[in-house]
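Each chain, written out:
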Amino acid sequence: MQLLDIRNLTLELETPDGIVRAVDRVNLTLREGEIRGLVGESGSGKSLIAKAIMGVLHQRWRISADRFSWCGEDLLRLPYQRQREIISRDIAMIYQEPSRSMDPTAPIGEQLAESIPDHRLEGVSWWQKGFFRRKRAINLLHKVGIRDHQAVLHSYPYQLSEGVCQKISIAMAIAKDPKLLIADEPTTALESTTQAQLFRLLASFNQLKGTSILLISHELETVAKNTDTVSVLYCGQLVEAGETAELLKNPRHPYTDALIRSVPEFQPDLGFKQQLYALHGSIPTLQHLPIGCRLGPRCPNARRECVKTPQLERQQNHFYSCHFPIHRGGTNE
Amino acid sequence: MSDLIEVRNLGKTYRKATGLFKHKEIRALQGVSFTLQAGETLAVVGETGSGKSTLAKLLVGIEQPDQGEILYAGNQINCSEYRKTNQFIRYIFQDAARSLNPNQKIAEILHAVLRYSTVLSAEQREQKISQTLRLLGLLNEHANYYPHMFSGGQLQRVALARALILDPKVLILDEALTALDPSLRAQIVNLLLDLQQKTGIAYLLITNQLRLVRHFADQTMVLHQGEVLEYGPTAQVFQQPKHDFSRKLIGSAQY
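Going down the list, the protein sequences come from chains V and B.
Taking the working numbering, the leading residue of the first sequence gets 1, the next gets one more, and so forth.
Taking the working numbering, the leading residue of the second sequence gets 1, the next gets one more, and so forth.
Lysine-lysine pairs mimicking PhoX-like chemistry, simulated, CA-CA at most 25 Å apart:
#1 K248/B - K225/V
#2 K143/V - K209/V
#3 K248/B - K143/V
#4 K273/V - K198/B
#5 K129/V - K143/V
#6 K169/B - K273/V
Chain B regions said to be covered by chain V (calculated; three or more residues, Cβ under 8 Å):
#7 186 to 192
#8 210 to 223
Calculated directly from the structure, the hints in this document are not laboratory data.
All C-beta atoms in this analysis are idealised placements derived from N, C-alpha and C, irrespective of residue type, glycine included.
Work the whole structure out from these sequences, hints included.
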């Protein structure tokens with residue numbers, strides 16, 4: 001079943017220099033039980049999209065979309081109160097820096113107990129609620145792989161390592177059994193051993209409970225290993241989307257191609273200390289976005305037509321928006 | 001001696017007061033020895049608290065070692081003599097944006113480095129600056145920019161310029177490539193590889209990204225709680241890790 005279906009999501013911000021369009025007509029769909037990756041560089045709008053789904057964007061942002069449906073209900077057209085109800089029931093998010101997104105003045109136990117929704121404790125008499133809340137909090141910690149719950153429950157966020165904090169924020173997120181878990185760069189601050197642990201944890205929730213996961217990352221290699229489908233963003237435009245394996249094997253957009261070729265891991269025949277493939281130039285700032293295809297100035301095969309924004313084209317389950325997509329042989333149309 | 005840097009049995013202990021008279025000793029690093037030749041890259045990997053950054057700080061002289069010695073090209077040099085050592089060995093911080101003074105133009109930042117460590121005249125300094133900027137793919141006009149006017153990848157280049165302007169023999173990169181976006185990272189990696197070929201500079205790469213280590217480093221050292229677990233050619237370390245910990249670390253990167 002289609003869980004999330006977003007069509008032409010546009011996020012605009014009014015600034016003194018005019019309107020900045022940070023996210024430009026992005027499509028995103030998520031089926032139940034799917035793990036989708038969202039890849040893009042800093043400033044490509046991936047976190048904005050996540051916040052738009054959560055409904056926590058600042059009110060200065062103008063959100064518009066042709067369709068923004070969650071389980072068949074269009075969230076943008078619902079009254080605010082109802083929208084909050086649905087989101088808080090079904091969607092949970094893990095933020096980028098776990099130790100900074102927690103309350104520094106309260107011990108973990110309190111914060112965790114607070115995140116357990118009331119309807120989980122229905123049928124419990126009021127004098128027993130505190131006890132059950134606590135029991136459930138300990139249970140959650142065990143679920144995310146923290147064995148020493150006693151020490152953790154009484155510590156403050158600053159006393160714990162980043163990896164443990166990240167696990168706790170996952171515990172908070174799954175406290176309400178969400179249908180969708182948004183993980184916004186969950187592993188940037190972590191070491192590679194802890195990273196592997198976390199991805200195993202996320203994968204196990206996906207398999208046991210059927211939770212869909214939207215995994216946001218700027219590293220293609222971590223996304224490649226842990227997702228079923230992937231969407232690639234560049235400067236707020238969706239450049240390519242499709243099944244992960246197919247997309248990695250057969251990228252159609254020059255940007256995806258460059259991303260894949262810049263990672264030594266995907267290039268088995270790359271010699272030791274050989275030059276990596278890199279696009280020249282750097283990411284444009286939001287105030288100076290090029291018109292049309294935003295990759296234009298950096299694209300190796302840009303032509304005159306690229307000043308027009310390309311339409312999203314579809315080939316089976318593979319979407320790409322480029323006038324001159326790459327074919328397997330490396331030749332252009 | 002052909003070794004550019006030789007480190008013998010380096011150790012560092014921090015003392016932490018736990019009471020009025022009591023203190024606890026934390027061994028940040030012990031018994032670390034390695035050699036680094038010109039044109040080579042040594043990667044140091046390990047988890048947080050394994051002493052990676054302590055090692056870097058000892059080498060550049062931010063901290064004093066408690067035991068062991070550091071030899072540059074066969075001579076022992078006291079690390080606190082910055083004026084002598086900083087021409088040899090330079091350090092790049094993790095976050096370029098935060099390690100550059102926002103009040104100074106790039107030219108001023110670079111002039112200050114040269115004024116401190118060389119005897120060049122103002123004219124020669126100008127020349128050196130424009131030469132260095134060009135080497136790193138920046139333009140002469142960039143000298144009059146302030147740090148906030150650059151993008152992330154360019155800032156990393158400026159940080160590199162500040163490090164390379166003294167023509168060092170060794171460059172220490174402390175997680176300098178971690179925070180960059182993938183396409184910029186590829187650019188900087190290319191730049192570093194290019195420089196190594198041209199000038200024979202040696203790198204000490206401190207990082208968590210094992211994929212990069214594999215591509216980049218000649219030698220790899222695995223640190224764990226201040227001790228060296230593995231040290232050898234990269235291919236060998238990756239194929240036959242000896243210790244459980246390094247096996248776990250390397251296994252985690254391959255999934």
